[in-house]
Amino acid sequence: MDHDAEARVDLALVKRVLLQDDRRAFEQLLRRHQGLVRAQLRRLCDGDAALADDLAQEAFLLVWRKLSSFRGDSRFSTWLFRVSHNCFLQARRRSATVPVQASPADEASQMLQVDSGDSPGLQVDLQRALQCLPEGERLVMLYHAQMGMSHEETAQITGFPLGTVKTHALRGKARMRAWLDAYQSGRTTGVDP
Amino acid sequence: MSDTPERDELLERLLLGSGVEPIANEAFSERVMSMLPARRRPTRVVLGAAVGGGALAAAWQLSGTELLHTAARELQKGEIGIAGVAVIATMLTLGAVLTGWALTER
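So the protein sequences, as listed, match chains A and B.
Note that our numbering numbers the first sequence so that position 148 is 148, with each residue one more than the last.
Note that our numbering numbers the second sequence so that position 27 is 27, with each residue one more than the last.
For the record, the hints were derived by calculation from the structure and aren't laboratory data.
All C-beta atoms in this analysis are idealised placements derived from N, C-alpha and C, irrespective of residue type, glycine included.
Careful, some of the hints might be misleading.
Using 20 angstroms as the maximum straight-line C-alpha spacing, the simulated EDC-like pairs for lysine to aspartate or glutamate come out as follows [to be verified]:
{"hint": "1", "chain 1": "A", "residue 1": "Lys173", "chain 2": "B", "residue 2": "Glu12"}
{"hint": "2", "chain 1": "A", "residue 1": "Lys66", "chain 2": "A", "residue 2": "Glu27"}
{"hint": "3", "chain 1": "A", "residue 1": "Lys173", "chain 2": "B", "residue 2": "Glu9"}
{"hint": "4", "chain 1": "A", "residue 1": "Lys166", "chain 2": "A", "residue 2": "Glu152"}
{"hint": "5", "chain 1": "A", "residue 1": "Lys166", "chain 2": "A", "residue 2": "Glu135"}
{"hint": "6", "chain 1": "B", "residue 1": "Lys77", "chain 2": "B", "residue 2": "Glu66"}
{"hint": "7", "chain 1": "A", "residue 1": "Lys173", "chain 2": "A", "residue 2": "Asp125"}
{"hint": "8", "chain 1": "A", "residue 1": "Lys166", "chain 2": "B", "residue 2": "Asp8"}
{"hint": "9", "chain 1": "A", "residue 1": "Lys15", "chain 2": "A", "residue 2": "Asp54"}
{"hint": "10", "chain 1": "A", "residue 1": "Lys173", "chain 2": "B", "residue 2": "Glu66"}
{"hint": "11", "chain 1": "A", "residue 1": "Lys166", "chain 2": "B", "residue 2": "Glu12"}
{"hint": "12", "chain 1": "A", "residue 1": "Lys173", "chain 2": "B", "residue 2": "Asp8"}
{"hint": "13", "chain 1": "A", "residue 1": "Lys15", "chain 2": "A", "residue 2": "Asp4"}
{"hint": "14", "chain 1": "A", "residue 1": "Lys66", "chain 2": "A", "residue 2": "Asp22"}
{"hint": "15", "chain 1": "A", "residue 1": "Lys66", "chain 2": "A", "residue 2": "Asp48"}
Quick look at which bits of chain A chain B covers, simulated, 3 or more residues with Cβ under 8 angstroms [unchecked claim]:
{"hint": "16", "segment": "14-26"}
{"hint": "17", "segment": "46-59"}
Using C-beta positions, here's what the derived DEER-type ranges look like [as the list claims (entries may be wrong)]:
{"hint": "18", "chain 1": "B", "residue 1": "Thr4", "chain 2": "A", "residue 2": "Gly121", "range": "48 to 58 angstroms"}
{"hint": "19", "chain 1": "B", "residue 1": "Glu30", "chain 2": "A", "residue 2": "Arg65", "range": "17 to 27 angstroms"}
{"hint": "20", "chain 1": "B", "residue 1": "Leu16", "chain 2": "A", "residue 2": "Gly163", "range": "19 to 29 angstroms"}
The shape of chain B in the complex, shown without the other chains:
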């Protein structure tokens, strides 16, 4: 056959009708839905909650101790001494532990 529009039209029709038809569900969707895991929360939310939780846990652990009062006095004077560094280090450590735990559990 020569290069004819009829031939091209036939080919187009054959290709478009050549079996890429949607397949009936047959419980496929139900099977996939039953396997869906819990959705992960965005990393930003997890990290924010972990850092906030770490700070709160550190404040709770240190509340009533001389270390926290000393650090507070230092901050009021506008300086950070050993007590301040210790409080910040405690907060960061607890925050890091909580962050690691939160990321592992995701």
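Bound-form chain A, shown alone:
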């Protein structure tokens, strides 16, 4: 099913929830989207699955209560990612247990060792390199480059202005290109802050 068809199905389910108080329709929405929302939150929580699932649960309960505020201006999935992104930000503000972006000093200490260059090692090091990006770039890279969202959707989810999203995407990709060059040439490297 293409994105437009998926969006139409979501919209029909949302209407059923709102007009008929249909819990089964909400359960379908939940089942359709829980996988990617939990994956998104695991990335944001640096792989902490329990914390990510708690936040995903909080996000879906919030969606249930606030579904009437979904206007249909964007795809339901985009709106949902924004809700879960905000849940993550709120949790980070109220608790020190939620991961915070590494400081520049931390980034410097996370210099990456180049390994054999095989694909699994490359993926692991790529993840570490992404974690070393400045927060704005890291978020934009997550939504735009890793999850395949458009610049506009990334702006809606993160709340960044569209121009900022484009700038972060360009800078983030430039840093990752430089990192990949260094990686492939076999030097020890991190991501330049």
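Please arrange chain B on chain A, whose structure you already have, making use of the hints.
Okay, now just chain B, sitting in the frame of chain A:
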């Protein structure tokens, strides 16, 4: 490596395939569904019902009293006297009480 399309293509592929894969349900949906509270009715509906209920309750309380008959006579003459004001005040008070109760219970 220089600025090559191959390098960019590799990077795009690595990023898109870098682990943002949907996670299996594993009873997550069931857990969330079991925690869903009852849906709240829209505020407009609650307020409308409370105001209507307050008016009906006031009419019921005052039915058969001289106050209501006096207020009705005043209204027929096209004027609002003390009795009319008292009836309206009673309706508004009961409506406010019901509205407060309804909003608290939501």
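Verification of the supplied hints:
no., hint, verdict
1, Lys173(A) / Glu12(B), "holds (9 angstroms)"
2, Lys66(A) / Glu27(A), "holds (15 angstroms)"
3, Lys173(A) / Glu9(B), "holds (12 angstroms)"
4, Lys166(A) / Glu152(A), "holds (9 angstroms)"
5, Lys166(A) / Glu135(A), "holds (14 angstroms)"
6, Lys77(B) / Glu66(B), "holds (17 angstroms)"
7, Lys173(A) / Asp125(A), "holds (15 angstroms)"
8, Lys166(A) / Asp8(B), "holds (17 angstroms)"
9, Lys15(A) / Asp54(A), "violated (27 angstroms)"
10, Lys173(A) / Glu66(B), "violated (83 angstroms)"
11, Lys166(A) / Glu12(B), "holds (16 angstroms)"
12, Lys173(A) / Asp8(B), "holds (9 angstroms)"
13, Lys15(A) / Asp4(A), "holds (17 angstroms)"
14, Lys66(A) / Asp22(A), "holds (15 angstroms)"
15, Lys66(A) / Asp48(A), "violated (26 angstroms)"
16, 14-26, "holds (count 3)"
17, 46-59, "holds (count 3)"
18, Thr4(B) / Gly121(A): 48 to 58 angstroms, "violated (21 angstroms)"
19, Glu30(B) / Arg65(A): 17 to 27 angstroms, "holds (19 angstroms)"
20, Leu16(B) / Gly163(A): 19 to 29 angstroms, "holds (24 angstroms)"
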